[in-house]
Amino acid sequence: TLRLICTTTAVQRKNVRASGPEKYTEAFIKKQIEEFNLGKRHLANMMGEDPETFTQEDIDRAIAYLFPSGLFDKQARPMMKHPTEIFPEQRKIQWGEDGRPFHFLFYTGKQSYYSLMHETYEKLLNIQKHQDQLTVQDLPLQKEKRNLAGSRWLSKIELEEMLLEKLSDDDYSRFIQLLQKLVALPCADIEEEYIQKFSKEVPVQLQKVVIEPLQYDERGVAFSTGEGKRKTASATAVVYDNGSGKITVNGTDILHYFPVLQDREQLLFPFQFLGRIGKHDMVCTVSGGGRSAQAGAIRLASAKALRSFVTEKEVEFMRQAGLLTVDPRVKERKKPGQEGPRRKFTWKKR
Amino acid sequence: QLDHGCALHTAARGCLSSVSPQDVPAEKPRAVFHTNESDPAKHTEHHEGRLYDIPLEEVKAVFPHGLPYRFQQQIQTFNEARVMVRKPALELLAYLKGSNFAHPAVRYVIYGERGTGKTMTLCHVVHYCSRQGWLVLHIPDAHLWVKNCKELLQSSYNKDRLDQPLQASVWLKNFKTSNERFLREIKTQKKYTWGKREATEEGRPLGEVVEQGLARVRSASDAVGVVLREIKQQSPRGSFRLLVAVDGVNALWGRTTLRKEDKSPVSPEELTLVHNLQKMVKNDWSGGAIVTTLSQTGSLFKPSSAYTPQELLGKEGFDALDPFIPIPVSNYSPREFESCYGYYLERRWLQHEKAHTEDGKAELQFLSGSNPRQLDRLAGPL
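Chains as they are written, first to last, in UniProt numbering: chain A, 1 to 350; chain B, 1 to 382.
Please keep in mind that the hints were generated in silico from the structure rather than gathered at the bench.
Using N, Cα and C, we set each Cβ at its ideal position, and we do this for glycine too.
Pairwise CB distance ranges, derived in the manner of DEER restraints:
hint	chain 1	residue 1	chain 2	residue 2	range
1	B	Tyr-69	A	Gln-262	21 to 27 angstroms
2	A	Gln-75	B	Glu-358	52 to 58 angstroms
3	A	Gln-75	B	Phe-301	57 to 63 angstroms
4	A	Asp-169	B	His-356	49 to 55 angstroms
All chains should be modelled from the sequences, with the hints used to inform the complete structure.
Okay, structure coming up:
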């Protein structure tokens with residue numbers, strides 16, 4: 001007798017979404033690392049360098065030389081990096097052969113998060129016990145304030161990366177509250193190391209740019225130069241001291257070069273901000289761009305030149321006012337299927 | 001030093017046509033940039049940079065046409081006409097005072113960049129001459145005669161030329177208002193026939209010619225020609241001094257935008273008005289002076305950066321005007337700027353709070369580049 005075997009005609013479709021991101025096995029990663037090292041040695045040989053002392057920077061330079069690319073996005077260009085940087089860290093399988101999970105909090109769903117909370121609470125209890133001991137012995141409680149101004153807590157994304165699992169906003173805020181409570185206690189210095197794992201330094205002074213000193217020309221008048229760019233227009237400005245407020249652009253007076261009031265206002269802005277309208281003379285050259293772009297370029301160039309004449313605090317004020325930042329706006333690319341960068345073709349119903 | 005405190009406000013209430021004849025700067029703060037000297041004849045370098053007042057009736061009599069439009073608006077707003085005394089004007093007045101009227105008329109050409117005050121200088125000189133009792137032939141803008149003319153008639157006097165009745169009649173009307181007295185005194189020397197029935201006899205006052213031109217608009221351009229010829233002939237006799245003041249003289253040579261009926265372009269010599277004016281501007285007569293201004297704003301077919309006599313007059317015009325005294329006019333000097341700014345402040349034209357500060361003044365100076373027109377336009381919305 002023939003037994004009827006039920007076979008479905010349709011092949012079971014692979015449900016791609018349900019399986020989650022690709023899981024890499026450990027063996028696979030190991031193989032990738034070996035290949036990477038081998039490739040590194042080959043590359044060093046190709047470039048004629050010593051394979052032993054071939055650093056990651058050399059690799060990047062070699063790849064940029066061998067595979068030049070004009071793409072704007074740096075992440076889209078060809079790169080050769082260590083596999084740990086390329087393949088995202090993944091959780092190894094959490095349960096053994098018998099199906100029993102390793103971690104005791106596995107069935108909570110967020111095992112690393114809860115284990116972290118437990119650890120932190122343990123530290124808190126530790127500190128409190130220490131505190132009690134000190135009060136019993138009547139020793140003074142140390143109170144050294146941590147410098148909170150220069151540091152910040154890890155952000156949610158960074159914490160997720162550390163724990164390798166998704167968090168919700170609520171979880172994250174609870175964790176931060178717990179950390180703050182921990183830090184607020186007087187004897188928190190004992191667990192300083194643990195706390196430092198979760199805090200980051202904030203760089204106080206962004207971009208320490210070197211300010212050039214003043215130069216002196218033949219007549220003894222101090223001057224300084226600056227360069228600026230704005231949307232295909234580039235300008236160089238030379239600002240002289242002991243002036244009367246005269247400004248020359250490409251050999252002509254600003255009234256003739258910029259008949260529009262708006263452009264002249266742009267030129268006026270750096271001087272007005274520093275309160276030095278009638279004190280400096282300026283000679284500039286500008287090329288490229290249009291009327292407004294040239295005005296913006298000269299404004300940036302003159303602000304940069306004025307830095308040498310002015311105290312550091314005022315330089316900081318100028319930076320915050322936006323006088324020293326390069327304007328990143330450029331003309332947006334036209335896309336196919338549209339008339340302009342954003343404008344679509346006229347929509348016709350039929 | 002310029003103390004815009006309560007002293008100004010109380011002084012501003014005081015009347016404008018002055019009470020005290022001396023201007024002692026130490027006493028009244030407003031007199032630092034104002035002058036009570038209403039007579040241009042008495043203006044010297046001492047008065048440079050200051051504003052003097054022209055009584056409104058005189059304005060209507062002397063300048064029926066000829067003041068720049070924005071200045072007329074300013075007169076209406078402030079209810080007074082204040083003109084600044086500047087160096088080019090003083091120079092011109094000095095030349096006029098010292099010139100010998102037996103010699104042929106000297107030509108002066110005022111030139112400068114746009115908006116620096118050439119027309120105002122011309123008006124200052126015209127005011128001086130009218131105070132002195134000269135006969136003033138003031139053509140407000142010669143460019144009006146070479147462009148945008150709706151009607152062109154063929155001249156009855158000369159078949160080649162074209163008449164412009166509208167412009168001629170407008171000018172005759174204004175000429176009448178400004179020079180009433182002379183029109184009665186000057187007598188014609190020839191008989192002029194206007195048509196089949198009208199004629200002006202010899203010995204009639206010039207006023208009749210003007211009336212004729214106004215009444216019969218068709219022959220207005222011829223009337224203008226007659227007036228000009230008579231005046232030119234009689235001026236060397238010395239009974240009166242003649243001032244020919246032309247604004248925008250570069251329109252008389254060059255091109256026009258007008259076309260004849262067969263679409264061929266008209267050259268300036270073919271227009272009666274322009275032709276007669278060219279004859280006036282030639283220095284073959286004596287007993288007066290010719291003061292002219294170059295103007296780029298109304299000029300046709302000339303680049304906007306041109307302001308020197310050579311560029312704007314072209315070869316023809318330059319040769320025709322050849323021995324002339326050029327008088328350059330430039331932007332405000334710091335002192336003149338201060339007095340203009342002080343005047344606006346005093347008349348409370350600058351309402352913005354920041355405009356009253358030193359910084360505001362520096363800002364205005366920077367943005368306007370000390371150019372009078374730019375300053376005027378900037379101060380408008382403030």
